[in-house]
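Peer 1: Generate coordinates for the entire structure from the input sequences, incorporating the hints supplied.
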Amino acid sequence: MDMGNDTLVIAGKAFSSRLIVGTGKYASNEIMQRAHDASGAELVTVAVRRVNLTDRSRASLLDFIDTGRYSLLPNTAGCYTAEEAVRTARLGREVGLSEWVKLEVIGDERTLFPDNDGLLEATRVLVKEGFVVLPYTNDDPVVCRKLEDAGAAAVMPLGAPIGSGLGIQNINNIRIIREFAGVPVIVDAGVGTASDAAIAMELGVDGVLMNTAIAGARDPVAMADAMKLAVAAGRRAHLAGRIAPRRYATASSPADGLLSA
Amino acid sequence: MIPPVGSPARIAAIDNPPSITVRITLNGDSYDLGEPMTISRLLARLDVDPRRVAVEHNLVVVKRTAYGSTTVQAEDTVEIVNFVGGG
Numbered sequence: 001m002d003m004g005n006d007t008l009v010i011a012g013k014a015f016s017s018r019l020i021v022g023t024g025k026y027a028s029n030e031i032m033q034r035a036h037d038a039s040g041a042e043l044v045t046v047a048v049r050r051v052n053l054t055d056r057s058r059a060s061l062l063d064f065i066d067t068g069r070y071s072l073l074p075n076t077a078g079c080y081t082a083e084e085a086v087r088t089a090r091l092g093r094e095v096g097l098s099e100w101v102k103l104e105v106i107g108d109e110r111t112l113f114p115d116n117d118g119l120l121e122a123t124r125v126l127v128k129e130g131f132v133v134l135p136y137t138n139d140d141p142v143v144c145r146k147l148e149d150a151g152a153a154a155v156m157p158l159g160a161p162i163g164s165g166l167g168i169q170n171i172n173n174i175r176i177i178r179e180f181a182g183v184p185v186i187v188d189a190g191v192g193t194a195s196d197a198a199i200a201m202e203l204g205v206d207g208v209l210m211n212t213a214i215a216g217a218r219d220p221v222a223m224a225d226a227m228k229l230a231v232a233a234g235r236r237a238h239l240a241g242r243i244a245p246r247r248y249a250t251a252s253s254p255a256d257g258l259l260s261a
Numbered sequence: 001m002i003p004p005v006g007s008p009a010r011i012a013a014i015d016n017p018p019s020i021t022v023r024i025t026l027n028g029d030s031y032d033l034g035e036p037m038t039i040s041r042l043l044a045r046l047d048v049d050p051r052r053v054a055v056e057h058n059l060v061v062v063k064r065t066a067y068g069s070t071t072v073q074a075e076d077t078v079e080i081v082n083f084v085g086g087g
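Residue numbers (our numbering), protein chains in the order written: chain A, 1 to 261; chain B, 1 to 87.
Just so you know, not all the hints are guaranteed correct.
[Claimed, not checked] List time: in silico DSBU-like cross-link candidates among lysine-lysine, alpha-carbon distance up to 35 Å:
# : chain 1 : residue 1 : chain 2 : residue 2
1 : B       : Lys-63    : A       : Lys-25
2 : A       : Lys-128   : A       : Lys-146
3 : B       : Lys-63    : A       : Lys-13
4 : B       : Lys-63    : A       : Lys-146
5 : A       : Lys-128   : B       : Lys-63
No lab work stands behind these hints, which were simulated from the structure alone.
Peer 2: Pasting the structure below:
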């Protein structure tokens, strides 16, 4: 199969990799850089935070991200209201000089599940201001449809709670979200290991976004490579069209010509 | 004109000297600017590379091109943010 033209297109921008990776929780910027390289990703998320004015010695994250190679996707992580998220998105746009935002409006501290109302409200405001909004959302097809109607450039349902590594918890919902959506579907959060990423892609989603699964692995660079292969394998399997599952065996070898016949 | 020694005006002037501090809220903390200054000067004083940050002045994001023409005054609120690792 020629995979040369199988690009992920979000808001008119084409990516040859369907894996989006984060920049958080790495033991060092150097390891992050090598993991990014191994992942093959072309889009990386970053967080917007106050500059540490008392310790200016710390290196800038941007010194370790080649922005010629990677596009930046600022997030609004840690925002609990639409207002905070909008403010953070506007600041992120000014730092990165890009309209793209991974929109998070969190509704609960323990689960980091999204606040649907706040997310919709912030999406509407930011879309009106010209942002390319990629909302991190619940695995709820109705919420995803509302976000799309509000102008989201993609919808990013969670596979499981952020950083949990539990894998795709509601396979059926993710499948329905993909079926309903007229915009790309990116499974964001919950991936623990390569098979989780492959399962997501086999469901037909357009991409997978992960941070902890790579950054928290014993060997982040090797895991980044594994994730690259898993996303590609899952995508190919989806396009290849899997066999229908069945309860009983069907022999792979012919029944005719057996010695005992 | 200096008020006469012992006059109420003289006492008031000693008790409340003209303020030379310009106190702002910078990244959530109280900060003394000394005098009103542009965002460009503030960033230079803080040793912050303007190309790596965004600045919010009284809840409004300031475009980089306006750093030299935007003046921070007493009582203002300034936020200076940058990108850090995140997912």
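Peer 1: None of the hints should be skipped; say for each whether it holds.
Peer 2: How the hints compare with the structure:
Of the pairs offered as hints, the one joining Lys-63 of chain B and Lys-25 of chain A holds, with about 30 Å between alpha carbons and a cut-off of 35 Å not exceeded. With a C-alpha separation of about 15 Å, the suggested pair Lys-128 of chain A and Lys-146 of chain A falls inside the 35 Å cut-off, and the hint holds. Taking the CA atoms of Lys-63 of chain B and Lys-13 of chain A, the gap is about 25 Å. The hint holds against a cut of 35 Å. A threshold of 35 Å between alpha carbons decides the hint, and for Lys-63 of chain B with Lys-146 of chain A the separation of about 32 Å falls inside it, so the pair holds.
A distance of roughly 19 Å separates the Cα atoms of Lys-128 of chain A and Lys-63 of chain B; the hinted pair therefore holds under the 35 Å criterion.
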